[in-house]
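Chains D and X are the protein sequences, given in the same order. Take the first sequence: its position 109, counting from 1, is numbered 125 in the numbering used here, and each next residue is one higher. Take the second sequence: its position 247, counting from 1, is numbered 263 in the numbering used here, and each next residue is one higher.
Hints were generated in silico from the structure; no laboratory data involved. Take these hints with a grain of salt, some might be off.
In this list, chains with the same sequence are indistinguishable; a pair is considered to hold if it fits within one copy or across any two.
[What the hints assert, rightly or not] The calculated lysine-lysine pairs, modelled on BS3-like cross-linking and capped at a C-alpha distance of 27 angstroms, are:
(1) Lys280 <-> Lys126
(2) Lys93 <-> Lys198
(3) Lys254 <-> Lys269
(4) Lys67 <-> Lys269
(5) Lys140 <-> Lys269
(6) Lys18 <-> Lys140
(7) Lys35 <-> Lys153
(8) Lys197 <-> Lys158
(9) Lys18 <-> Lys35
(10) Lys254 <-> Lys104
(11) Lys91 <-> Lys254
(12) Lys269 <-> Lys198
(13) Lys269 <-> Lys104
(14) Lys67 <-> Lys35
(15) Lys140 <-> Lys270
(16) Lys35 <-> Lys280
2 protein chains.
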Amino acid sequence: MKVALIQFCSAQDKADNLKRATGMVQEALAQGARFVLLPEVFNFRAGADNKQILQEAAEPVPGPSVRAFFPLAQKYKACLLLGSIIEKAGAGYAYNTSVVIDSGGSISAKYRKIHLFDARLGDKIIREAGSFLPGNKITTVKIGEFRAGLSICYDVRFPGLYQRYARRGVEVLTVPSCFTKKTGQAHWETLLRARAIENLAYVLAPAQVGTDGRGIEAHGHSMIVSPWGEVTACGSPKGQEIVFGQIDLREVKKARQSLPGIIK
Amino acid sequence: MKVALIQFCSAQDKADNLKRATGMVQEALAQGARFVLLPEVFNFRAGADNKQILQEAAEPVPGPSVRAFFPLAQKYKACLLLGSIIEKAGAGYAYNTSVVIDSGGSISAKYRKIHLFDARLGDKIIREAGSFLPGNKITTVKIGEFRAGLSICYDVRFPGLYQRYARRGVEVLTVPSCFTKKTGQAHWETLLRARAIENLAYVLAPAQVGTDGRGIEAHGHSMIVSPWGEVTACGSPKGQEIVFGQIDLREVKKARQSLPGIIK
């Protein structure tokens, strides 16, 4: 199955983000991708501590940002992962929510980020919990012949989530992200590859790149990792692009036959 | 604290293994290391499927292979990790057991490998459970001002063990190993770095190198990883050597202050 990661740079103009994101998704679909993935906060990106403007950008699911992709999924009969949008929650908070659209153009899964980013990097304090509520449900979804387990960005630091997915029969792990450059350089590739190796599953990680004008520079390097832990495709450190790759159930089967005691 | 990993190639001559191992440990101690680590099966290495000869090599703890190191720890007032010996168990089985000797020359901890290697690599089937019984106790031990959590080789594929150690206040994770070259090239560095990053702890991983004459080539690359996930020292792919490095509690504290939500 041909897959495509949209490496993207979003900011605070939702209409512009949406226009550019639908354009890149359409291009990936036109080039034959059957599963196209957008990164975290693709429709609005402002830094986790800007509670008020995040609240203004929040939408229900489905809302306009999700609905904009229904016709594309339908037209191309392909699945889409909207890495995350800011989903309206109660009391001035939001959820950081991934939405999967199936090849019929309907929502087939929704995942609210469970682990909220909490970091002190140099003089910057980033506490996602100031603006967001955590999700509490792990979510798997059928993507063609694969089953995928959903996660977002900072979740990748918590290996137990991915082991639960593997025990539920998942062959693909999605990690749409907006990793900081600083932590990305130190941790991004290692953690993505470790999740693949520990679960002998594909990891698909579309990433934000560049800056949103208010926040911190993102790491780029959108990445596809094989079930044996090889990086089979990787985006650049800078600039938007579409990263294509292949996923193949036989590779999952082969890795799991080599190390039969891993998933339990 | 200066530490030393003994990158070692053992085979089926226990007396020779022990003579060479005590010699290298003495050299590391004489060069000022306060904590010296030997790899998995340093006193007898024969491939996990050779049940009978493993049984013949098995010892109680403490037995001759452990006692041989008491005088060195005493003389230099330093801690030693005997990465593993073949410990006698019932019914023709053995345990794969790490032993820690404290700076007074006494045993301060013992850990029996919990996850037994199980792999089909090309035409080789390796099933440690054919010769060994699994341990069932996680083990932490004081090493100078640090607390260490013990594990062995294939354990490194199971992240939950290390998270339990982090929750128990551990700052150092030990992973003495005899990794195959094939899986080592694909997974060794990534998994060691991931365990450090996930737990913001040092990882100390002394490794076997070369072949034992009956088994499979070992990966070498004995490795020290910082709590931020950097490889600060690494052995070669081939040949015995002593890999020196420093560990520093302030580095653990700094990493944990940067990402305060990780250990919970």
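For each hint, the structure was consulted:
1. Lys280 <-> Lys126: Answer is both; intra-copy 26 angstroms and inter-copy 26 angstroms each pass.
2. Lys93 <-> Lys198: neither (38 angstroms within a copy, 40 angstroms between copies)
3. Lys254 <-> Lys269: neither (35 angstroms within a copy, 32 angstroms between copies)
4. Lys67 <-> Lys269: Answer is neither; intra-copy 45 angstroms and inter-copy 30 angstroms both fail.
5. Lys140 <-> Lys269: between (44 angstroms within a copy, 18 angstroms between copies)
6. Lys18 <-> Lys140: neither (39 angstroms within a copy, 33 angstroms between copies)
7. Lys35 <-> Lys153: neither (31 angstroms within a copy, 56 angstroms between copies)
8. Lys197 <-> Lys158: So Lys197 and Lys158 fail the 27 angstroms test inside a copy (32 angstroms) and across (36 angstroms) alike.
9. Lys18 <-> Lys35: Only inside one copy: Lys18 and Lys35 sit 24 angstroms apart there, 57 angstroms across copies, limit 27 angstroms.
10. Lys254 <-> Lys104: Classified as neither; 31 angstroms inside a copy, 57 angstroms across copies.
11. Lys91 <-> Lys254: Neither way: Lys91 and Lys254 sit 31 angstroms apart in one copy and 56 angstroms across, limit 27 angstroms.
12. Lys269 <-> Lys198: between (35 angstroms within a copy, 18 angstroms between copies)
13. Lys269 <-> Lys104: The answer is neither: 40 angstroms in one copy and 36 angstroms across copies each exceed 27 angstroms.
14. Lys67 <-> Lys35: within (24 angstroms within a copy, 65 angstroms between copies)
15. Lys140 <-> Lys270: Intra 44 angstroms, inter 15 angstroms, cutoff 27 angstroms: inter-copy only.
16. Lys35 <-> Lys280: So Lys35 and Lys280 fail the 27 angstroms test inside a copy (44 angstroms) and across (41 angstroms) alike.
When held up to the earlier numbered hints, the structure conflicts with 2, 3, 4, 6, 7, 8, 10, 11, 13 and 16 and fits the remainder.
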